[in-house]
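*Asks:* From first to last, the protein sequence lines are chains A and B.
With the numbering used here applied, the first sequence closes on residue 394, and no number is skipped along the way.
With the numbering used here applied, the second sequence closes on residue 184, and no number is skipped along the way.
Treat the hints with care, since some could be wrong.
Claimed, not checked - Result set (EDC-like, lysine to aspartate or glutamate): computed pairs, CA atoms no more than 16 angstroms apart in a straight line:
no.: 1; chain 1: B; residue 1: K171; chain 2: B; residue 2: E67
no.: 2; chain 1: B; residue 1: K114; chain 2: A; residue 2: E47
no.: 3; chain 1: B; residue 1: K14; chain 2: B; residue 2: E139
no.: 4; chain 1: B; residue 1: K114; chain 2: B; residue 2: D93
no.: 5; chain 1: B; residue 1: K115; chain 2: A; residue 2: D234
no.: 6; chain 1: B; residue 1: K115; chain 2: B; residue 2: E67
Keep in mind the hints are simulated off the structure, nothing from the lab.
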Amino acid sequence: MTNQNNSLSHIFRVNKDIPAMPFIACGAALLLVGLIGVIRVLVYGQEAVYGVTRQVPWGLLIATYAYFVITSTGLAFIGGLGHAFNVQPFARIGKRIVLLAFIILLAGFTQIGMEIGHPFRLMYLFILSPNFSAPIVWMGIFYGIELFLLSIELYLIFVKSPKNHALSAATAFLTLMVGVAATSNLGFVFGSLTARPFYHGIYFPTFLVVSGIAGGCAILLLIHNIIYRFNIPDELSRTMSGLSKLMGLCIGAMLFLSAWKIISSLYTAPAEAYEAATALLSGPLAINFWCGEIIFALLLPLAMLLMSRGKNFMIMGAAGLFFMIGMFFTRYDFIVAGQLHPMRAGNAGSHVDVLNGLVHYAPSSGEWMIFALGLGLFFFFYFLAERFIALEPE
Amino acid sequence: MKRKRYAIVFDTKKCLNCKACTVACKFENYVPVGDDSYRLWVTEMPLEGRFPVLRQEFRPSQCQHCENAPCEKVCPTGATFRTAEGVVLIDYDKCILCKACMAACPYDARFVSKKHDAVEKCTFCMHRVSEGREPACVETCPVRVREFGDLNDPDSTVSRLLNQRAYYQLKPEKNTRPRLFYLK
């Protein structure tokens, strides 16, 4: 009985130093907004509540699904580096990484669960009638395995025993591999669409993996600043500096990939990809692209990481915050830009309404409310865990 | 006996833009009202020539029933499938409304149906064809813009038209190999 109490006290404790309550309250409020959104969808139906159309069938909820799940697999990648490849600075914060990855993945599942018209039908038809030539099936399989592996990892990192160490390393390695497979398959859901030249190809399967790792680093830098009230102890300096270096490297790769994606979409004006690229550069998505994607997600965090010189943790945390804000726009832009060029010209009788040759999409209040559900789930459950579970570095 | 390969051949020069085909389709298939709810459409092509000698073509269209159908490939549950005759259909009970097929279709031929609570599109009126009747849009057209038939039958109207006249297909660069043919 005493042993059991000891092991429980090893896992559960009240962490009064962590400023979790404002985030828990914020999370609860967002959850409430999200639940109202869910009720609206159940009562009025998706078609009445969501802003997606025949021409733009994928909207904000696909973007937020990608936002959450790709960040989660990025975290799993960093966790894998720590546990499976023994990168000690990352292994030290393994508990926090695994818990974050788990909760953020669940937040992503709320988005896809509310986006798909028949989520329960999906669950049994993926088993009874899967079409293995569909990238969505592989994405679903890999994300399902990812959730299962993260659950095992969660168990193993809290229940210490010498046997568990090897098992934990193996699980972390598998989680890393499955995470990369899941995210690149998510990219291929778009990359496989020959109808949409802006999506088609290897860019998104690659870019999503790299940006996911950067997202994992960004959220860890931000969360540690919050947990330690912007006063991260020196014992975590190698961890923070390692995260900032990895994040800087990934942002550099993202800049490289983005630049070539835009250049190749403009050069000789390839049909439909050109219109998507100009929608980003000077069209309806220009503010999102220049302010959100380029400044917030790429230039500002990169400059701040360079300024921090791997020592100023507060600047690193701010870089993480800006990156996560910018990443939202990056995900939204990539989902929407690829669909703005209509599949047939907007002539009379075609039923296609165009403005400057592009169709229109704006997220509805209902879609924002479902995004609030995912954000609320993350804030509420993660900071609740920070408050009551021992997650300190080892 | 060779298996049937159904197709529709359009002679768009005959089209009056009366839209009887779109109305017949709505009534035949109980397609709900709504801006996005339609299986067929008739696009008014840009004016050609110089005033006062002007010309305009109307181009009716619908699901292309592609032989290499992207919608079928991306459907995660196999709800979208091709029949032995090459008609692309949807099993509404298997559709999870992920809308991947809508994103994958290069012809914008699909929409979310309130009636079926699933994605819907042209079925070549297979319920009529199985009774030996033509699709509603073909039968109702006052000037026979559409001809429906079996490409494997050399005596069918569609085979004869395609043998006698030049034709084109929509978006051949997508390599979807549509079963809809437009006479030049």
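*Asks:* Checking one constraint from the list: CA of K114 of chain B to CA of D93 of chain B, max 16 angstroms. Satisfied?
*Replies:* holds (14 angstroms)
*Asks:* Is K114 of chain B within 16 angstroms of E47 of chain A, Cα to Cα?
*Replies:* holds (8 angstroms)
*Asks:* For the pair we were handed, K14 of chain B and E139 of chain B, check the Cα-Cα distance against 16 angstroms.
*Replies:* This hinted pair holds, its Cα atoms lying about 15 angstroms apart.
*Asks:* With a cut-off of 16 angstroms on the C-alpha distance, tell me whether K115 of chain B and D234 of chain A pass.
*Replies:* Violated, at roughly 62 angstroms.
*Asks:* Hint check: K115 of chain B vs E67 of chain B, CA-CA at most 16 angstroms. Holds or violated?
*Replies:* Roughly 27 angstroms between the alpha carbons, so the hint for K115 of chain B and E67 of chain B is violated.
*Asks:* Check whether the Cα positions of K171 of chain B and E67 of chain B lie no farther apart than 16 angstroms.
*Replies:* With a Cα-Cα distance of about 13 angstroms, the restraint between K171 of chain B and E67 of chain B holds, given a limit of 16 angstroms.
Checked against the numbered hints given earlier, the structure breaks hints 5, 6 and satisfies all the rest.
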